[in-house]
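Protein chains in written order, with this note's numbering: chain A, 1 to 85; chain B, 86 to 527; chain C, 528 to 861; chain D, 862 to 1207.
Hints listed in this document are in silico derivations from the structure and should not be mistaken for laboratory results.
Note that beta-carbon positions come from the ideal geometry of N, C-alpha and C, so glycine has one too.
Check the hints yourself; a few may be wrong.
Derived, one-sided and incomplete: chain B residues facing chain A with beta-carbon distance under 8 Å [to be verified]: (1) HIS328; (2) ARG345; (3) ARG349; (4) VAL353; (5) ARG356; (6) VAL358; (7) VAL359; (8) ALA360; (9) ARG401; (10) VAL429.
Residues of chain C placed beyond 12 Å of chain D at every Cβ, according to the derived structure [unchecked claim]: (11) MET561; (12) GLU594; (13) ALA624; (14) THR709; (15) ASN712; (16) SER714; (17) GLU812; (18) GLN840; (19) ALA847.
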Amino acid sequence: MTPEHARELIEQTLLDIVPDADLAALTQGVDIREELELDSLDFVALVERLSERAGLRIEEEDYGELRTMDSAVRLLTMHAAGSSA
Amino acid sequence: MPSLGADMETGTLLEWLVKPGDPVHRGDVIAVVDTDKAAIDVECFTDGVIEQLIVEPGRRVPVGTVLAIVGAEPAGQAPAPGPAVTTAAHVTSPLVRRLARDQGVDLAGVPTAGPGGVLHRADVEHLLPRKRDRMPAAADHLAPAATRRAMRASPMARRLAAAAGIDIATVAGSGRDGEIRADDVRRATQSGDRPAVPNLVRVGGTTAAPTATAPTATAERHPDAMRQAIASLMTRSNREIPHYYLTTTIDMTAATAWLRARNRELPVSERVVVAALLLAATARAARRVPEVNGVWVDGELRPASSVELGLVVSLRRGGIIVPVIADAAARSVDRLMATMRDVVERARTGHLKSSELTPPSITVSNLGDQGVESVLGVIYPPQVALVGFGAVLDRPWAVDGMLGVRPVVTASLAADHRASDGAVGARFLNHIDRLLQRPEEL
Amino acid sequence: MTAQATAQVELTYREAMREAMREAMTRDERVFLMGEDVGRYGGCFAVSMGLLEEFGPERVRDTPLSESGFVGAGIGAALGGMRPIVEIMTVNFSLLALDQILNNAATLLHMSNGQFNVPLVIRMTTGAGRQLAAQHSHSLEGWYAHIPGLRILAPATIADARGMLWPALEDPDPVLIFEHGTLYNVSGPPPDPSISVDITSAAVRRAGRDVTIVTYGGTLSKALDAADELSAGGVEAEVIDLRVLRPLDDATLLESVTRTHRVVIVDEGWRSGSLSAEISARLVEHAFYDLDAPIERVCSAEVPMPYALHLEQAALPQQADVVAAVMRTVDSRA
Amino acid sequence: MTTTAKPAKNATTTHRSRPGVDRRPRTTEFEMLRDMTRIRRFEERCVELYSATKIRGFLHLCIGEEAIPVGVMRALTDDDAVVSTYREHGHALARGMTMGALLGEMFGKQSGCSGGRGGSMHLFDAARRFYGGNAIVGGGLPVAVGLALAEKMRGTNNVVACLFGDGAMAEGEFHESANLAALWHLPVVFFCENNLYAMGTSLAREHAQTDLALRAASYGMVAWPADGMDVLAVVDAARRAVELARSGSGPCFVELRTYRFRAHSMYDPDRYRDKAEIEQWRHRDPIPALTEKLRAAGVLSDDDLTEIEAEILTEIDKAVAEAEAAPEEPVGDLTRFVTSEPRREQ
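Next comes chain A alone, as it looks inside the complex:
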């Protein structure tokens, strides 16, 4: 999975949960949960959909990787690399 594909997938999933989210604000180092005010239920929904779409199982230990957009993209490109696109 390419970084561009991963980023697009993450942005699409975020929009599912917060339809009017301002994705531009998620610049380098910005905490996604704080910026979009995601509570634990939103976050578990985000993880569930990302796992489905990326075809990989995101464990609770990996939650730290989903803090910022860059780290999330890295997580997907690395782990989902092996999975079929």
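Put chains B, C and D on the given structure of chain A with help from the hints.
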């Protein structure tokens, strides 16, 4: 006397077609009876011999009264089980027995007017106190028209006056005929509320947000309608409810470890978040402490029969809505998780069902999600408690004298001092703590 | 025949109901439409136009003029495993089928102790306002809302016209859908298919804090116009669209009334024994101590609907009547 | 002066001569005799129970018309559907519903086939596709047409038997139903039990054209009369009509000419019929008629009759005891099934 029609209560015996000593067979017509509608033949349902004609022609008797006794056939056939029941002293019909039972009359002692010890309805009725003279004279309980007019106050005005402890009669009515309205009472009590302030929500389920199915744009043009509703609710809550606050810090090591291990086995879609455990523990604890699970109405605590758990949900465009999870104490952690996800998602898209907005018996605020350490909430009237959970954070923690780092959560209770006092509140929070130490039993 | 533009900018109420029927018949082959002139003629109000050509005479059945006959047949077919949609041209003719609707459709499940369900949907046009005079202008949905065992719907918006039919067909009990005659030509943006439409709750069409206007079906637009007029005068009216006339969504009504403390009910039925009477009674029973003014009702005049336009308009509830009623609740000096 | 029909033969209570040997021939005629007798004895007991206020409300008996339920139900399969009227005890028993279910219903008990909610006029049994009695004269006809419409649209080859009286022929719903059924070639058989009276109104005072079969034929369906007092004739007519309807050619109408020996209902003084007419019809009582035929053919003995009566008496007594012992529906369930129960949350 057989029942020969749906609404037949009594019948008049017109004539006998048999006399004592006559043999009779099943299906023979033995008498004719008048039923106010027509003369109808009366059949005999047994074979036997007429022994005695009890009721003489011309008499009106209730359905079920024994008209005659059919003796056994000489061939020793058992006497026919006639409809009447022979008690020791009297012969009574089901109708008479039911009347007696309803009116609480002991049949044994009732003198019988008819021959042969047959008890008739009239015998029972004349024992009952006559109803007519016990009715109060119709006129006296209607207040004379004049005084009634002077006091034209709306029910709400009366309630506000009573709540504010002032005599409604002293309030000047601004209506055309001197009607007294809520605003008049507010002005009288100078409670400072602007007359136009929306009145407070009396029923729980503080939804102020219009449901999303409103197609017209106007619903959006008045976001402050919700803000005002919340504002007035909070002011009333603080004014009317004597709050007391308790907080405790709960070691979440066992809970988070159990959860993490369990989630690893479950598919991602069934993963359970900490909030579900906190709800489960609160619901179970609330079931055990009625003083925090109910409503304060008309000066007394009314404990709820089940735990109707209100969940404070913050809406994306600001404002809050408090859907209720019915009978939360009886739901497993998994079902609470599923229900919570479903209800919160629908709350945010405005698809709550009206049944989910019924008054909760206790409410939980879970602002911990937003990283706040502890939450001191304001109770939603008429409830008597609000539980707040902060975020689960790693904190230094002493265990058997050794210093370590442990995940902990601050749980707070805002409670109504009229309904419970500190000791009860503390017992409630400690119970939540104990439940969270053995998450597998939740 | 209205042009069936593919990229539809606007959708009429009639097209929304037609689309709903087409979707239902496509999704479930047990669903079929039966009624007078629903097939070749395309429906007395052109709602079922084109369905005969698409689904054939077996599933779009023109019936003889035998309301009791074909409504009873609808009940029997529902008992027999089908999911019929029976169209009675107007509520005025439904009186000929009242015995079947009341004594069979509404009663069978209870009387048979739960053995027989009647999953039947009956659609009929209702209401006045098109100078059809007394026999063709009745508004009797309130009668049907009196009968236990029936669910009564009054779609007032395009979204409800499009969305209510499918859940109604899925309901194992008989559902009656009343479509106000003046709504068929109303057009609006096509409803968002992702938003599911329920057939259980009322809807707050306009939030407001000073008074609650309760209405349904053909009088919703008049209530909303009255609310706008009132808003200019500083009175914010909340408008509730009942959507479901039985069972009534008491919770939504009470929640609103306990906030606004003033109520105006707008009902095109005759005042005596009308649905507005029932709603008023419930509010007095459950929100008595929150009422700051007597409940107002704006209903049709209790007359056989006259033909002449000026008389008919005088007999029907109008925007001005609603505004006047609201003002009586807000300021008793009005 | 109404007298109930005497039992076929004055059953003496002699002891069965040869215990253990079951030599009864299993011919269908024998079964039909037993079924008709079973209906008659059941309804005779209902008269007693009504007089003793155990059964309330309205009670409509079919004594005298037993050939029709026995004959018609024999022509149907388990998958066919039956729509009846308030004079339905015979139809229900012949369709296979138990005496306990019927008496429980008339006693208003929970053990009744409708849970005690319907009473004598509203007996329902989904398993046997018995879509109930109907207290509205003609009310069942459109429903039967609808059931047949469903059978046709679902491509089954089931038939719907719709039973009703001559009174219903004057209802608008007969006209609408007959026309719809013929127009859409539906598999429904209209069995008209013409007992010459619509409650107190004789045939000639309720119909301008009293040839009911002729009237039905005018709707474009096959229609013919048959002797409703001869169970063999009824079976034959019913079979032909059901086969015709099952073939898909459309509805049929069979006018079964019959007579009820008792009043319209327990509430009817029956003054509108003269006794001579009743006596005259008694001579065509379907039960003694079949009894004589079987006796003449040497397939029926006194012992057989005694055994039939004893079996039926036991069955009735058991049903009465069951009904009396059965509980009433708890008042708390009053509103159950007004609408369907919401699907249980998992």
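Taking the hints in turn, this is what the structure says about them:
no. : hint   : verdict
1   : HIS328 : violated, 25 Å
2   : ARG345 : holds, 6 Å
3   : ARG349 : holds, 7 Å
4   : VAL353 : holds, 5 Å
5   : ARG356 : holds, 6 Å
6   : VAL358 : holds, 4 Å
7   : VAL359 : holds, 7 Å
8   : ALA360 : holds, 5 Å
9   : ARG401 : holds, 7 Å
10  : VAL429 : holds, 5 Å
11  : MET561 : violated, 8 Å
12  : GLU594 : violated, 8 Å
13  : ALA624 : violated, 9 Å
14  : THR709 : holds, 31 Å
15  : ASN712 : holds, 33 Å
16  : SER714 : holds, 35 Å
17  : GLU812 : holds, 18 Å
18  : GLN840 : holds, 37 Å
19  : ALA847 : holds, 39 Å
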